[in-house]
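For the sequence shown, UniProt numbering assigns the number 1 to the initial residue and increments by one for each residue that follows.
Simulated from the structure, these hints should not be mistaken for lab results.
The beta-carbon is built from N, C-alpha and C at its ideal position, and this holds for glycine as well.
Wrong hints could be hidden among the right ones.
Claimed, not checked - Simulated restraints on C-beta separations: (1) VAL71 to GLY305: 43 to 49 Å; (2) GLY222 to ASP113: 37 to 43 Å; (3) PRO137 to SER273: 21 to 27 Å; (4) ASP67 to GLU291: 33 to 39 Å; (5) GLY97 to ASP270: 43 to 49 Å; (6) GLN74 to ASP274: 34 to 40 Å.
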Amino acid sequence: MKPVLLDCDPGIDDALAIALAAGSTDIDLVGITTVAGNVGLSLTTLNALALREFLQLGDLPVHAGADRALVRDQIHAAHVHGTSGLGDAVLPAPVLGASDGHAVDFIVSTILDRPGEITLVAVGPLTNIALAVRREPRIVQAVKEMVVMGGSYTRGNSNPAAEFNILTDPEAAAIVFGAGWTVTQIGLDVTLTAQVNAGLLEKMGALGRLSSLVVPAASFYGQVTADGGPALHDACAVAYAISPELMGFTDARVEVETVGRFTTGMTVTDFRSDAPNTRVATSFDVPGFWEVLLGAYGRLGERLG
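Based on the provided sequences and hints, a complete structural model is requested.
As structure tokens, this is what we get:
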């Protein structure tokens with residue numbers, strides 16, 4: 001099994017991504033770290049703790065991290081994810097609190113304790129990851145793979161140029177893309193093709209107790225029709241960690257715009273560069289993605305009853 005450390009800001013699609021990791025037989029989720037993003041840090045952490053107990057993940061470490069961007073005012077997306085961050089999904093309040101210690105320290109120690117083993121998957125703003133790189137640059141060489149759900153080589157979703165995770169803390173994103181490792185970038189270009197539709201939602205509705213999470217989460221921030229609906233962005237990054245063959249990649253140089261008047265947060269992508277720093281996802285086996293996701297959800301649903 002592939003050991004995966006998930007840095008996230010739950011968040012509707014973060015919750016769906018955590019559920020996917022929980023149901024997978026191919027990855028070993030070694031911890032969750034939280035960051036401010038879709039909602040504030042207190043809520044992203046509370047949601048991660050509630051998900052840990054609802055999904056029966058035992059004593060999986062959950063560490064709270066950065067509560068603000070490195071240098072900018074914090075941006076949230078409660079208008080997309082609801083005031084709680086989980087839309088219409090209502091989970092029991094968690095009994096256990098977060099693990100002791102800051103998320104950045106946990107990221108550093110986890111990677112250095114298992115050099116060459118940990119796949120770090122970041123599906124929220126990159127503040128924790130940037131701080132970890134600055135705290136201990138050795139993680140750049142010690143991590144097995146750095147996977148980022150964020151950015152785009154064609155468009156934004158928070159504005160015409162920028163995707164939300166990058167726009168929320170572009171300075172942190174610039175540090176991460178420029179750290180010296182090869183980033184695996186899974187951006188809007190592929191994630192927007194993974195749209196839930198009415199048929200898929202019906203299958204999620206047959207998952208017993210798990211349905212009370214995945215159905216309202218998958219359908220909260222957009223109308224679901226027979227042809228499509230909301231895109232499950234963060235789950236795509238976890239699906240890649242499970243089955244890398246689902247995506248095709250093109251090497252490119254990615255730089256993050258931090259000073260543009262209209263383009264702050266843009267991931268400027270040069271596919272012609274002779275100094276690439278990123279594997280950019282450019283194709284996606286969407287039917288294969290749904291097979292992986294529904295298979296994992298089915299196993300998890302059976303376990304939860």
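Violating hint indices (sorted, rising): As far as the earlier hints go, not one is violated by this structure.
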